[in-house]
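As a plain string of letters, each chain reads:
There are 2 protein chains.
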Amino acid sequence: MYVQEPIAILDSGVGGLTVVKEVMRQLPREKIIYFGDTARAPYGPRPAEEVHRFTSEIVHYLIQYRPKMLVIACNTATAVALEDIRSCVSIPVVGVIHPGARAANGRTQTGIIGVIGTEGTIRSGAYEQALKQLSSSNEVISLACPRFVPLVEKGNFRSEETYETVRESLESLKQRQLDTLILGCTHYPFLADTISEVMGKGITLISSADETAREISTILYDRNRMASNNELPVHHFFCSGEPGMFKSIAQQWLGEQIDLTPVVWQVPNIV
Amino acid sequence: MYVQEPIAILDSGVGGLTVVKEVMRQLPREKIIYFGDTARAPYGPRPAEEVHRFTSEIVHYLIQYRPKMLVIACNTATAVALEDIRSCVSIPVVGVIHPGARAANGRTQTGIIGVIGTEGTIRSGAYEQALKQLSSSNEVISLACPRFVPLVEKGNFRSEETYETVRESLESLKQRQLDTLILGCTHYPFLADTISEVMGKGITLISSADETAREISTILYDRNRMASNNELPVHHFFCSGEPGMFKSIAQQWLGEQIDLTPVVWQVPNIV
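Chains as they are written, first to last, in full-length UniProt numbering: chain W, 1 to 271; chain E, 1 to 271.
So here's chain W without its partners, still in its complex pose (with noise of 0.2 Å):
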């Protein structure tokens, strides 16, 4: 059985369009709809209550588009909410978190595996736990960098302040003995070429968004919902906030025009 529904990919901003473009790579023939949630980003220095409500609130928005699958392309919601969203609906919900170790852990040979990510998503452990559900043996060294969303949601992904950044922030990290360090936030993928730069060619990188993209193809054919349609889909965007800065970035890193709505939240959020 082939389906065409859509899949559902939403993130607190820009970060989960990593994924979406690696969605449209590896899977040309999936329809995407995304919802990203710029009203409120970043979701990283929030109480996880908030996270927790925001993302069921995109998660209802989204559900109603009858998607095959929902896709968290953000660690930190994917930290907090993923487990509560899978129990409640019925089909197939995947978050950022998992690909990534599961990536980390097949690659990595000493067992030394680096994680950097927003606060919210350090703070909830949840790496070090999937690292350690895998294999206990895992060692597992993890790192805050709340520069780095500020400056991929403001559209600076090359700059002498971004290579400064990245130099400062994982200046720790480059002391340690691993060998994979896992981008553990979906808007790093933006910065890759200089976190690789700065951290040196020994170090596998391990992007969620890739990864992800790559299960949501194993899902998707482990599930018989893969799209077998010839014509290209349109995807269909949607962001909270205010939609130039989003649809700049977007057909930036996409590389293509794109369909965009604002959305309004009807109840309007008391930061």
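Simulated from the structure, these hints should not be mistaken for lab results. A couple of the hints might just be wrong.
Simulated restraints on C-beta separations [unchecked claim]:
1. W/ARG147 with E/GLY202: 50 to 58 Å
2. E/GLY125 with W/ALA192: 46 to 54 Å
3. E/ARG176 with W/ARG53: 33 to 41 Å
4. W/ALA192 with E/ASN224: 26 to 34 Å
5. E/SER159 with W/GLU231: 47 to 55 Å
6. E/ASN230 with W/GLN257: 24 to 32 Å
7. E/ASN230 with W/THR261: 47 to 55 Å
8. E/LYS132 with W/VAL264: 40 to 48 Å
9. E/GLU256 with W/LYS132: 20 to 28 Å
10. E/PRO150 with W/ALA192: 38 to 46 Å
Lysine-lysine pairs mimicking DSSO-like chemistry, simulated, CA-CA at most 30 Å apart [as the list claims (entries may be wrong)]:
11. E/LYS154 with W/LYS31
12. W/LYS132 with E/LYS68
13. E/LYS201 with E/LYS154
14. E/LYS201 with E/LYS132
15. E/LYS132 with W/LYS68
Quick reminder that beta carbons are idealized off the backbone N, C-alpha and C, glycines included.
Chain E: place on chain W using the hints.
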């Protein structure tokens, strides 16, 4: 819900042990039962109908141990029997072709992907089909290497004869512009060092074994079926042929003693 039923892995002979080794490494908590049909190996040159029948017989044999998942760790058997077996049993069935295809599709930059395998696997066109299903722009170059499996089944992994056989077999492939090469037979990781040396540095080798172990992990997680025990599981092996050679290769490859039960097919196979 966590369950501790075994993962059942089957192969024509010792090739599937490359998958076993990766499952042991990536998922050390999972209990494995393995069947190597060494009395009837290799499957590669046999007619599809016969491979299909043999595979079904092994599935019937293994299913009595109530596995939570079946892994067809033989490319030839996957090519001819996977879809039928998926539709006949209620547990997930994982083959080795789609994991390799998905990994290659995710990693190629040029979209030109090489596949080496047995005559049966290459003749089936299963890799082309899987790679084109993912993305119609993939270009696939396939080559049967019938001389590789007999070397591995004899335990002849590194010798002048092995090097020469690999070099001669891959000569035509070296002229092509591929950037990714799928080892489309579970026996081939035994020869990976030699294949890598012959093909040169610029080519990414994709091992069915590594990638299948990763997908087993993804699917068990998606279906809430991962083992959570802390004590290491005891695996069990069956083989239909002479047990001495099987045990010797298995223990050398896995680096540990194995618990082996020889199985005699009640209806002898007349070739």
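| Out of the numbered hints, which ones does the structure contradict? | 1, 2, 3, 6 and 11
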